[in-house]
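Spelled out from the first residue to the last, the chains are:
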Amino acid sequence: MDEAGNPGRETHQKEPLAAFSGGGNLGDQVFRVLTAFFAALAVLVLAAMALQMFRAALPSLKQFGWKFLSSTDWDPVLDSYGALPYIFGTVASSILALLVALPVALGTAIYLAELAPLWVRRPLGILVELLAAIPSVIYGLWGIFVMSPWLRDSVQPLLQKIFGWTPFFKGVPRGFGMMAGCLVLAIMILPTIASVSRDVLLAVPNSIREGALALGATRWEMVRKAVLPCAKNGILGAVILGLGRALGETMAVTMVIGNRPDISWSLFSPGHSLASVIANEYAEASGDLYLSALTELGLILFGVTLLLNILARVLIWRVARGPAGARN
Amino acid sequence: MSTAASNFSIQTRDVNLWYGDFQALKNVSVNINQGEVTALIGPSGCGKTTLLRCFNRINERYGNVKTTGEIRILGKNAYDPDVSLIELRKAVGMVFQRPNPLPISVYENVVFGLRVHSARSSLKKSLLDEAVEKSLQEVSLWDDLKDRLHVRATTLQLEQQQKLCIARLLPLKPEVILMDEPCSALDVEATLAVEDLMLALAGTYTILIVTHNMAQARRVSRECAFMLLGEVVEVNRTQDLFLTPRDSRTADYIEGRYG
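Going line by line, the protein sequences match chains A and B. Residues 1 to 328 (our numbering) are what the first sequence spells out, left to right. Residues 1001 to 1259 (our numbering) are what the second sequence spells out, left to right.
FYI, nobody ran anything at the bench for these hints, they're computed from the structure. If you're wondering where the values come from, they're calculated on a predicted model, not measured in any experiment. Just so you know, not all the hints are guaranteed correct.
To be verified - According to the in silico footprint, chain A covers these stretches of chain B (three or more CB under 8 Å from chain A):
1) 1021 to 1028
2) 1055 to 1063
3) 1089 to 1099
Note that the Cβ used here is the ideal one computed from N, Cα and C, for glycine as well.
Please work from the sequences and hints to get the whole structure.
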């Protein structure tokens, strides 16, 4: 400060300052730099991955341009590639999975957060979360050996008998195909949606619940008219997280979806997905352009899931922060 | 005594309450005058909020609560097995510490109770409109909000939110309004405004307020009950309780020796 102008004070001030700095501080600083480095590592890996994939996809990007997204070709012999059947397969199976999983997951979340007796909540909640911890290849195996035969022999013939006149249940019931893919996905994203939704519901302030109850609402009215409106955005976030997981899921889907790049209305017909085709064909991709096209599929998947996850996090975070009015 | 009894909105007799093994209320017997503001005061943990929450039975949200004794509201024991919680809470409204309007429009907040308690077909738009105007006028929010009935209630100022939380009770024509430290989240001016509102509503409704703030109890209440360790130590006209407390524990508390 004004050391030069006031030498008399200088010694007075410096002594205590010297006593506070020095020893101990070094450890703190090393610790801070080290942890900051680790934290930065995650960001770096993400950025490096995006960059690397972009560079590897460049030949394909140059060759096909936007047509890559709309073309249905996938011909390694002629070196002509298009992503549409895979995008379709990924999007269709994920959205169908979401439609199947959402009501069940939401019901589970409401039960766990609002209705279940206290002694049930924890064990059941943990069990639901455990579903998310099962390796996806196990789901795939179960899909192959248990679910597909069941679909082929019981469910699909029945559906065809009743709804065969619609375009959705045409063709030979094979078990494997779009329907199997979306059901396995539904089971896999269920715990994600259920447990995140439950956490979102629990973040709704208790006073909102009591306010509704004190007005004479039943528990159901309380949930429907007070709690759910508060949690709406966060639940949307949970749904998007689930969707993100469904879009990127590889193993289980590859094992049951049929792996044929068809675009069909029928749930019985086999399909393919972005993740499955990469997993299936990466090892045998011979040509440079072939590999590049596969990488571009990966880039599409990467971009979409990243954006969806960011959106989901923002929505969830905003509910956890509390209702907008509570901080005025 | 029998003639006086009809002037009580709430009469409790030997109310005991346990949270698990912990006894939070001990032999509470109080009478709450109709159409007046009554304050419950006492140090933290003395059971005043618990007692308040007995009157609309919202305590029972938590499974491990056991209540014995009798709480007569409008002459009917609220703890009789045939009592409908929904009807009880229609007659006994509640205002909370933090304003807790629902994240829907002002209008829908006010008619929430009507929608819960009436068949959909009986709720004509004109009836709802009228209820909204009347209720908001009663809490003197109508002039401020009449052009903003469809904004989200959570975007209002805290004072307006708290008044709205009072307004949304009124379409149900409650007998009693319970207030659990209704001003603790508000600033000085908002507190005064809500206190004025309490005094204005007092003739029409019985108001029971829990407060930490002894000065507030003096400003708004006609009667005051002092609680300590789950017991009601003393109930009296507010001015008498503060000027000439009969119990030495009350005297110690209002002189600030503890709490």
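**Asked** What hints, given by number in increasing order, does this structure fail?
**Response** Structure breaks hint 1 only.
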